[in-house]
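**Q** Next come the chains, spelled out residue by residue.
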Amino acid sequence: MAERLEVLKTYKTYVGGKFPRSESDRTYRVTNPKGTHIANACRCTRKDLRDAVVAARTAFGDWSNRSAYNRGQVLYRIAEMLEGRKEQFVKELELAGVKEKDARVEVHTAIDRLIYFAGWTDKISQVFGTVNPVASAHFNFSSPEATGVVGIIAPDKNPLLSAISMIAPVIASGNTCIIVSSETNPLPAVSFGEVLHASDVPGGVINILTGYRSEMVDSLSSHKDVNAIFNSIEEPETRKLIDENASISVKRTSHYSPDDWFAVEHENPYLVLEFMETKTTWHPVGF
Amino acid sequence: MSIAEIPDFKQTIPIDKIGVEERVSRLNKRSIKKESKLQALKLALSMIDHTTLEGKDSEGKVIQLCSKARTPYAPMPHLPHVAAVCVYPNMVATAKKALKGTNVKVASVATAFPSGMAQLHIKLDDTRFAVDQGADEIDMVISRGEFLKGNYSFIFDEIAAVKEACGSAHLKVILETGELETLENVRKASDIAMYAGADFIKTSTGKISPAATQPVTLVMLEAIRDFYIETGTMVGMKPAGGIRKAKEALQYLVLVKETLGAAWLTPEWFRFGASSLTNDLLMQIVKQETGVYQSIDYFSND
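Protein chains in written order, with this note's numbering: chain A, 1 to 287; chain B, 1001 to 1302.
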């Protein structure tokens, strides 16, 4: 019998709960550190980005209106599904040159991180909400609410763990997001899209794009329908561009590039709070 | 026009549905970029009949709508105003007052819109009332029930009677193509309306789904072209309902250009009946001019 030809996977994007290719039909070569060609990934353009923002905006109403408890369940479900498919992710990281032992630790940490933020969904407003003393006959209270659509620019380091560490705190509070994945190794992020697809996350809550950052960061950070940017790129030029563009519509920007994505400091509710707006209500009280 | 020229409406003009759809899909592939796109977006904006036809309409909402009609986007005062506002008859006086001193027309639906289920004298009174209030254009509905029964002379006479009641006001005839079942019927209703004196033919009320579609629009445009060849009279076209995106609007403009030619590409001969299209056009225009993708949060609702 003839030797079987393996079926190679087409890495696509994940937008609005579907797996479209880039509208440009372009792809780029993904290689491991030795320079061996391991796969092709979509080279997304500003138009793919525009479509992803529409998907994220459409999903925002439903996602932010769900009970915090339900969002926690969905995040937990993502972790469950990832646990069931962890071998695939270990292999994918190995393919990109990570040692098996390290790959396994990365996948495990990523799963635990999802569980960590799943727990915060229904606690964040209790912990950070306040009742404020005021000098009039009002019951005055503040509570944090989701800010809207968040653009995430992921680093190349630990592509699975860093992406999940950035996505989880953003969506926990009810935001929706567009993530520009690692440029050098976008494969785990794309496969993570398949996990999301199978885990009750409504389409459009998380949108995953691949391609060259230089072709997307400009449009993402200037887009007026994006309410915040969560950036992990250290390069001063990129940060300057993001800051300038964000000023057009006074977006929230958060530059965050930890040296060690495994560090426990990343499990931190202030990352959730970073992408929330405080709403203060003055409620008249009768005496 | 003499009676002899009026065709026999019992005869059906066959329409090749597949052919129509293929032509539409081919024309949709045409790419309009940069400067031409900006021109087309501005042209589309100037062709809008900015519409509010809801039971909950109030004077306040109509005044708001009119201010948006005259200045669609305050930060860009050089943008064209829309062609008209389209309201119910009892809102015409309010709209007329709010638009005083501008070239924005006031269109009013009439003749028991949207169903058209009323007696002729009521429809005529409705029309005269709207004209008395100052409407420049009347959007009438045809009696689809009578049409489907094959009572074509009833439709013809009704349109002719409303046209007479309009006086100097322009008459747009709404065929409500979503209820006409076939493209052959759309063609027939278009012909009846034009021979009975319509200044414009219009696809839909916006209350029935499907509303305006491109295949239906193409059939109506071809009817207009044939009528022009036959009689030398230009008739306008107004697709209405369900056109929400700037991209679709540009596709409609391509259909018009390719079917009727550039002479029809003015607000005088082509209109969009829409409410949310205005904002999408504005967002695309601002995107073209600033290079920054826009958010609906920065544009007024009405």
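Treat the hints with caution; some may be incorrect.
Stated by the list, open to error - List of simulated lysine to aspartate or glutamate pairs, EDC-like, C-alpha gap at most 20 Å:
hint	chain 1	residue 1	chain 2	residue 2
1	B	Lys1033	A	Asp243
2	A	Lys47	B	Glu1022
3	B	Lys1245	A	Asp225
4	B	Lys1033	A	Glu80
5	B	Lys1287	A	Asp25
6	B	Lys1257	B	Glu1022
Hints were generated in silico from the structure; no laboratory data involved.
**Q** Does the alpha-carbon distance linking Lys1033(B) and Glu80(A) stay inside the 20 Å limit?
**A** violated (47 Å)
**Q** So if I understand the rule, the pair passes when the alpha-carbon distance is 20 Å or less; does Lys1257(B) with Glu1022(B) pass?
**A** At roughly 17 Å apart (the allowed maximum being 20 Å), Glu1022(B) and Lys1257(B) satisfy the hint.
**Q** Lys1033(B) and Asp243(A): Cα distance at most 20 Å?
**A** Outside the cut-off at roughly 30 Å; violated.
**Q** If you draw a straight line from the CA of Lys47(A) to the CA of Glu1022(B), is it 20 Å or shorter?
**A** violated (26 Å)
**Q** Quick one, are Lys1287(B) and Asp25(A) close enough, alpha carbons at most 20 Å?
**A** Violated: Lys1287(B) and Asp25(A) sit about 24 Å apart, past 20 Å.
**Q** What's the verdict on Lys1245(B) and Asp225(A), does the C-alpha distance respect the 20 Å limit or exceed it?
**A** holds (17 Å)
Checked against the numbered hints above, the structure violates hints 1, 2, 4, 5; every other hint is satisfied.
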